[in-house]
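Residue-level listing of the chains:
2 protein chains.
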Amino acid sequence: MEETKKTLTRRGFLKTAGATAAVAGLAAGGSALTPWSAEAAALPKKWDQTVDVVVIGSGFAGLAAAYEAKKAGASVIVLEKMRTPGGNSIINGGVVSAAGSPKEKEQGVEDSPELLLKDMLTAGLYLNHVELAKMVADRSWPTVQWTMEELGVKYKDKLSQEGGHSVPRMYSTYNQSGSAIVQQQLAKLKGLGVVPKTQSYLTQIYRDADGRVKGVQIREKYVFPDANSGKMKNIKARKAVVMASGGFGNDVAFRTIQDPRLTAEFPSTNQPGATAEALRESLRVGCTPVQLSWIQLGPWGSPDEKGMGLSPFFAQLLGAMYGLWVDTKTGKRFVNELADRKIRADAIIKAGNKCIAFTDAAGYAFGQKAIAEALPKLMERGVVKKYETIDDMAAAYDIPAGPLKETIEKWNKSVLAGKDEEWGRYLQKNQKPLGPGPWYALRLTPKIHHCMGGLNINTNAQALDVMTDKPIPGLYAAGEVTGGVHGAVRLGSCATLDCLIFGRIAGQNAAAEKNWG
Amino acid sequence: MEETKKTLTRRGFLKTAGATAAVAGLAAGGSALTPWSAEAAALPKKWDQTVDVVVIGSGFAGLAAAYEAKKAGASVIVLEKMRTPGGNSIINGGVVSAAGSPKEKEQGVEDSPELLLKDMLTAGLYLNHVELAKMVADRSWPTVQWTMEELGVKYKDKLSQEGGHSVPRMYSTYNQSGSAIVQQQLAKLKGLGVVPKTQSYLTQIYRDADGRVKGVQIREKYVFPDANSGKMKNIKARKAVVMASGGFGNDVAFRTIQDPRLTAEFPSTNQPGATAEALRESLRVGCTPVQLSWIQLGPWGSPDEKGMGLSPFFAQLLGAMYGLWVDTKTGKRFVNELADRKIRADAIIKAGNKCIAFTDAAGYAFGQKAIAEALPKLMERGVVKKYETIDDMAAAYDIPAGPLKETIEKWNKSVLAGKDEEWGRYLQKNQKPLGPGPWYALRLTPKIHHCMGGLNINTNAQALDVMTDKPIPGLYAAGEVTGGVHGAVRLGSCATLDCLIFGRIAGQNAAAEKNWG
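Chains as they are written, first to last, in the numbering used here: chain A, 337 to 853; chain B, 337 to 853.
These are calculated hints, taken from the structure and not from any lab test. One should not assume that every hint holds.
Put simply, identical chains are the same to the list, so a pair is met inside one copy or across any two.
As the list claims (entries may be wrong) - Capping the alpha-carbon separation at 27 Å, the derived lysine-lysine pairs in DSS-like fashion look like this:
| id | residue 1 | residue 2 |
| --- | --- | --- |
| 1 | Lys-569 | Lys-665 |
| 2 | Lys-755 | Lys-686 |
| 3 | Lys-806 | Lys-526 |
| 4 | Lys-567 | Lys-806 |
| 5 | Lys-470 | Lys-686 |
| 6 | Lys-454 | Lys-690 |
| 7 | Lys-668 | Lys-806 |
| 8 | Lys-713 | Lys-690 |
| 9 | Lys-806 | Lys-705 |
| 10 | Lys-492 | Lys-850 |
| 11 | Lys-765 | Lys-746 |
| 12 | Lys-765 | Lys-526 |
All of these numbers come straight from a predicted model, not from anything done at the bench.
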């Protein structure tokens, strides 16, 4: 596995130096300096390059920050450690919530920023930093509008719904991927003359004795995950550094400190570079940790494909919104299929990780429009399988056929009655009883998906100091590297908002800083 | 409120200096230096005092560390910021679990370290650092034995049981307070010539450019909570510094970063000095944060007394182990009265914080022996009230009398049947049906009690570096300032073990370090 290999390599590297010797070793190697060291605090004698704003990371947040900073007249560099830009954003599902959008009105959905905020706080177990969550809810529709009008992002007509949301309020990109947003961000940035520098690995943040962050040290031409690859370079940030380095879902060492259950055996939806080095470095220079132990599992993964894959489209739109999720041991439903991610992932684990999502012929026909690109691939790859009868489907997954038929009958009665008495699931406006076949099913497994915790920021996207809770001058942070917006549990389609909203704020504020020199 | 005043004072102090100016301001004031500063990393030109081992904090963990280090031949200083030693330990409930003790065998309780570990992991939602939790379970009985044989602590004969424990395995000190242990620790230490230096406030940990922690800066004659009081002093630690500074349950600013629900309005069982400055300083010099957002509420508090008070004795021993807890709105039980603290606290909050614990005449008679000192005080202060009949008790708390009587009848049937079908509560060996009266009742409210999260340590009690996950040379940590032992939820009577076990290990290992100079 990519992530295991990476971790071993890094650990191996660190192991070569003893506890104390590590300091000299690392410093001599030019890699991460130590938090306590006077040399670490000192600025380099010579800067190899000077810009106004340095952005670490090239996902939604980093690109949004770079765009706003550049538009405001700042010179900008975007540093990305991997070979290609986009981070996890470019492989994300491409759905963005907008509360109070014109499309909701068209489609008869009653919604408001207040309702979205309520949904976020409920899922977040009220651990959310409310002032940050409120900004996400309030700016949800204006931000989607901005992606359309300024970036030129195209969305499908039909709104969809993820678990934990009270109503269907999600815009879906035309290609069902965050790449539709990232590519537009990259194109707009290129138009302004900014192209992310890939294979550029952050090794140090320079925080001066006056408390201000003044630049970074990187390895250029770095080859992930070799910590000794590439060449050292010091970049001066005359205005500010923006941390938009993402989460640590694929960092087995760091994630097991926070949640020891999530060993290397656990699958993840993240790209291999979703590791914690930049987060650790931010903590080293005095950022404040928030809620690091809340790591989200996506409930809609499949053990029959790697990474995020395409299974969420089927599990969510065809399985959870229209069809059913059942425990194969009992043939019964075991959770509200539209509950939030934590509730559903915990329920699958509790059911011994032996559950399927399925739909009927009508659901499949709907899917041929709604997820036109994903569905044939899921079938070809055998991630979704077709069964002529309920008995065939039951036999394939070792489900007791009688109880499975009863489950479908019971659900159909609920649909006709207009209320899901058993689990309280929201019924879609076009919801119809299930059947006849053929039937289509997918095996479910939770996958590590998102780190709710991270650095403490304020509504200006300023990183806050662990000693004083005041902003660290010259340091901003946005996106998955930060914590607090989502509390204990993030709702689907809210991360993209979080990244774009605070990325833009960070970029605007970074550009407005005075040059320190 | 003490904690509010304190926070305001500290915040007010910090507010006097601007974001950047704060650096110079704080440094000039001689208070906490800044994480990034070269001056902070530099050692002082002159040390005012030199010892082998510096211990920060004088609760169970700090005193255990000091005792072991001194016994091993090291010179030791114990620094305590408050006017009196003992921290939260001296006001703790004085119960310590011992799995596999001779007393369990005497009393017919089947138990083992494996069962205690299982209970800890179940309550901890498997977020525990298992290797640390296992040490607590394995050393539980040897540690209680050590407190008796080496410290001379005296315990009652009868074992008791806290929520989340499968069996009654808790030793209770003769005076129902952790002070019975702390006083013995202080006496033994005094015998070795060590007396804690009170009013000594940690302002800085010196971590040198070679990565080693080499001493501390303190304010002597500090008057809590005035950050400008006292006089600066530098103390060299030739071998090591042990952080045993406790939790941050009374630090509103820091606790609301991690759990925004826990505002200043929330009551706490902690002493006023349970604040986060030393934890923040440890993070500043490169310690790793673990699970900081898991803050425990004790379910057995009473709104009719301040702090920890004496209510837990009644709520737990008389209410939960023998009597019942009911929701006053319904007259019904609402939780397994012996479930873990999180389950019970969440259940009380969900029930609108309107619940009581009660017992009958027989339970009261038992209490006259079991909690002989606490019970008369609880009655005198009106925290526990007496009612001649069930109707009187129902009227006093506005409980519907019919359902309350049904609840008691149903419970009595369960007792006779030998099984609590409704909530699965463990039935005590001497459990009898409730009644007749008089009845005794107490109002319940959850209180902030314990911080599960803190600094990352290994089984040697070494503090681990945020960049490398390796030990920080010369820095140990033990007790509530650390994280990982208890995971998401701490079981009652396991904190004292945690503190004593890792405090002793820290002291032994600190004394075994080589002098650096």
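These are the hints, each one checked on the structure:
no.	hint	result
1	Lys-569 with Lys-665	neither (57 Å within a copy, 67 Å between copies)
2	Lys-755 with Lys-686	both (26 Å within a copy, 25 Å between copies)
3	Lys-806 with Lys-526	neither (35 Å within a copy, 42 Å between copies)
4	Lys-567 with Lys-806	between (34 Å within a copy, 26 Å between copies)
5	Lys-470 with Lys-686	between (33 Å within a copy, 24 Å between copies)
6	Lys-454 with Lys-690	between (32 Å within a copy, 25 Å between copies)
7	Lys-668 with Lys-806	neither (52 Å within a copy, 48 Å between copies)
8	Lys-713 with Lys-690	within (23 Å within a copy, 55 Å between copies)
9	Lys-806 with Lys-705	neither (50 Å within a copy, 53 Å between copies)
10	Lys-492 with Lys-850	neither (42 Å within a copy, 68 Å between copies)
11	Lys-765 with Lys-746	within (19 Å within a copy, 45 Å between copies)
12	Lys-765 with Lys-526	neither (43 Å within a copy, 76 Å between copies)
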